[in-house]
Amino acid sequence: MVLKSLNDLRTIVAGGPVKKLVVAAAQDQHSMGAVVKAWKDKVIEPILVGDKDSILNISGENNYDITGVSIVHEPDIEMATQLAVKMVNNHQGDILMKGKVGTSTLLKCILNKEWGLRTGKLLSHFALFEVDTYPKVIAVTDVAMNISPNLQDKIAIINNSVGCLMKLGYQMPKVAVLGAVEMVNENMEATLDAALLSKMNQRDQIRNCIIDGPLAFDNAVSLESAKHKGIRSEVAGDTDLLLMPDIEVGNVLYKSLVFFAKARVAAVILGARVPIVLTSRSDSEQAKFDSILLSAAASR
Amino acid sequence: MAEKVLSTRKRHRIAVAWAQDANTISAIDQSVKNGIADAIIIGQPEKISTVCHQNGINPGKFLIINSENERLAAETAIGMVLSGEADIVMKGLVSTDIFLKSVMDKNQGLMKPDAVLSYVAVIEIPEYHKLLFVTDTAVIPYPGLNQKVAMTAYAIEMAGKFGIVNPKIALIGASEKGSRHFQYSSDYAEIKKMGTAGKFGNCIIDGPLDLYLACDRKSVEIKGVSTPVAGDADILVFPSLESCNPFYKSLMLFGRGEMAGLLSGTLKPVVLMSRSESEISKYYCIALACLMA
Numbered sequence: 001m002v003l004k005s006l007n008d009l010r011t012i013v014a015g016g017p018v019k020k021l022v023v024a025a026a027q028d029q030h031s032m033g034a035v036v037k038a039w040k041d042k043v044i045e046p047i048l049v050g051d052k053d054s055i056l057n058i059s060g061e062n063n064y065d066i067t068g069v070s071i072v073h074e075p076d077i078e079m080a081t082q083l084a085v086k087m088v089n090n091h092q093g094d095i096l097m098k099g100k101v102g103t104s105t106l107l108k109c110i111l112n113k114e115w116g117l118r119t120g121k122l123l124s125h126f127a128l129f130e131v132d133t134y135p136k137v138i139a140v141t142d143v144a145m146n147i148s149p150n151l152q153d154k155i156a157i158i159n160n161s162v163g164c165l166m167k168l169g170y171q172m173p174k175v176a177v178l179g180a181v182e183m184v185n186e187n188m189e190a191t192l193d194a195a196l197l198s199k200m201n202q203r204d205q206i207r208n209c210i211i212d213g214p215l216a217f218d219n220a221v222s223l224e225s226a227k228h229k230g231i232r233s234e235v236a237g238d239t240d241l242l243l244m245p246d247i248e249v250g251n252v253l254y255k256s257l258v259f260f261a262k263a264r265v266a267a268v269i270l271g272a273r274v275p276i277v278l279t280s281r282s283d284s285e286q287a288k289f290d291s292i293l294l295s296a297a298a299s300r
Numbered sequence: 301m302a303e304k305v306l307s308t309r310k311r312h313r314i315a316v317a318w319a320q321d322a323n324t325i326s327a328i329d330q331s332v333k334n335g336i337a338d339a340i341i342i343g344q345p346e347k348i349s350t351v352c353h354q355n356g357i358n359p360g361k362f363l364i365i366n367s368e369n370e371r372l373a374a375e376t377a378i379g380m381v382l383s384g385e386a387d388i389v390m391k392g393l394v395s396t397d398i399f400l401k402s403v404m405d406k407n408q409g410l411m412k413p414d415a416v417l418s419y420v421a422v423i424e425i426p427e428y429h430k431l432l433f434v435t436d437t438a439v440i441p442y443p444g445l446n447q448k449v450a451m452t453a454y455a456i457e458m459a460g461k462f463g464i465v466n467p468k469i470a471l472i473g474a475s476e477k478g479s480r481h482f483q484y485s486s487d488y489a490e491i492k493k494m495g496t497a498g499k500f501g502n503c504i505i506d507g508p509l510d511l512y513l514a515c516d517r518k519s520v521e522i523k524g525v526s527t528p529v530a531g532d533a534d535i536l537v538f539p540s541l542e543s544c545n546p547f548y549k550s551l552m553l554f555g556r557g558e559m560a561g562l563l564s565g566t567l568k569p570v571v572l573m574s575r576s577e578s579e580i581s582k583y584y585c586i587a588l589a590c591l592m593a
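Those protein sequences? They're chains P and Y, same order as listed.
Each residue of the first sequence is one higher than the one before, counting from 1 in our numbering.
Each residue of the second sequence is one higher than the one before, counting from 301 in our numbering.
Just so you know, these hints were derived from the structure itself, not from any lab.
Where hints are given, some of them may not hold.
Unchecked claim - Straight line, CA to CA, 16 angstroms or less: simulated EDC-like cross-link-like pairs of lysine to aspartate or glutamate:
hint : chain 1 : residue 1 : chain 2 : residue 2
1    : P       : K262      : Y       : E427
2    : Y       : K518      : P       : E285
3    : Y       : K518      : P       : D283
4    : P       : K4        : P       : D132
To be verified - Covered stretches of chain P (in silico footprint by chain Y; criterion: 3 or more residues with CB under 8 angstroms from a CB of chain Y, positions within the stretch not fixed):
hint : segment
5    : 119 to 126
6    : 176 to 183
7    : 213 to 223
8    : 285 to 295
Ideal Cβ positions, reconstructed from N, Cα and C, are used throughout, including at glycine.
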């Protein structure tokens, strides 16, 4: 199966039990609306860990009816984050979400060796984009977590992402390794990594997907462009997952798709015991909701 | 953009190196038809005629000059501009490497003395309130400080041709925070200093800025970051080809953009475009060269 729209995630989620979403320091103006909506829509069942008074204040001010939502009271932000992570560690939750806590504090808790959510895998950011100029949803990684991944990191990032796509119903997703050019250029490390990743895929060192690269953005997403350049590739023009060379490239592309191409986007952090929702203030309400939806689908 | 690039009234002579493909010839044909250019095609006359006939184009409207191979064709085209027989050079089916080598040749090339070779593209996007000048989409993989300075100056020069005075320039990064993880941080600090000292004339420069702070006024408000560019950038200078190339391609393919672009640092305009650009973008490239000539 291939996702045509982010709405398809709803069908996936509707097919299984409702997952428990634990929000760390839930007294957060920016995430609570999406959490409440996802709860009303039966996408998740929230557990709000944080300062109860603030949580009730925010829901009151915004007219969120959270009667029946479980709240675990812990006024201190760092303690609340620890508690939320520990609850997930104890199998009391299926998804972790960042509330009013800094990303670095949250990551520190996730990576705690005793009670954190480490699996030995690299943590990576995974985003799904829906644009009306591409016939299906396109996944992009890693635009936010790993600053400049080396070859080993890139393999881990692909494996995390392919694993997630398989949970969403994909079989053998097509992975394009992005370069500024589609030729291997010894002065551009990203193109060398891309060639190696393709070859490792051919030799079954990276499984469950079809990898090709380097591909420039145009030949990754447009068959016509690929034909113009004479590129023979199973992936070109039909990409399911686009691997970024580094965060500098990923950040710009993410923002370009959201702002200039008016993309609908959902994102999740992979590689921990459970999917982690880590949205930012500048994300739209829809993006925050879609990210919760994606994490629910990915936690199956 | 169409309005501006097509405002040029004078017919310019374009020397096209090794134009033996339907793609290039159609773009030239359109420019000739629209009266902005006369074309001199350098290549194998028989091949050129065949391609013309296959595409319903009368080869008689072009001046065709015989050449044996692509390298010689590039040299001839550049030579014609140097001698004043043509105003603009355009790359046909010559491989980019060979073509750029000829452009950069110390004796018979087309570079301004000691200039940096770079590329500026002007992009029109439905979702943005004005034209966006972007550099470097095509040439310098990892620009150093001097190259970034040149890229900035070239973009300002092109924006000026479009009537934009006091442009707002965003030096693009992954975030607005300087960081040792990102090598561009120190270069950007230098460029900002130069800007303040007046090296680039009248302009507003800030960076690093992420794309939102550069182009989205709403994000600037939400983040509460104070920047004179404030979501209203005219020019985006990128830290690498790796980030700039997919950026502009995402605008073209997913953002319904149209573009025109030119090499910078040359004595005369040099048109170099990707085969996969849309017909209209190809035509805009030629029109832009006429505007800059």
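Which hints from the list above does the structure break, by number from lowest to highest? 5 and 8
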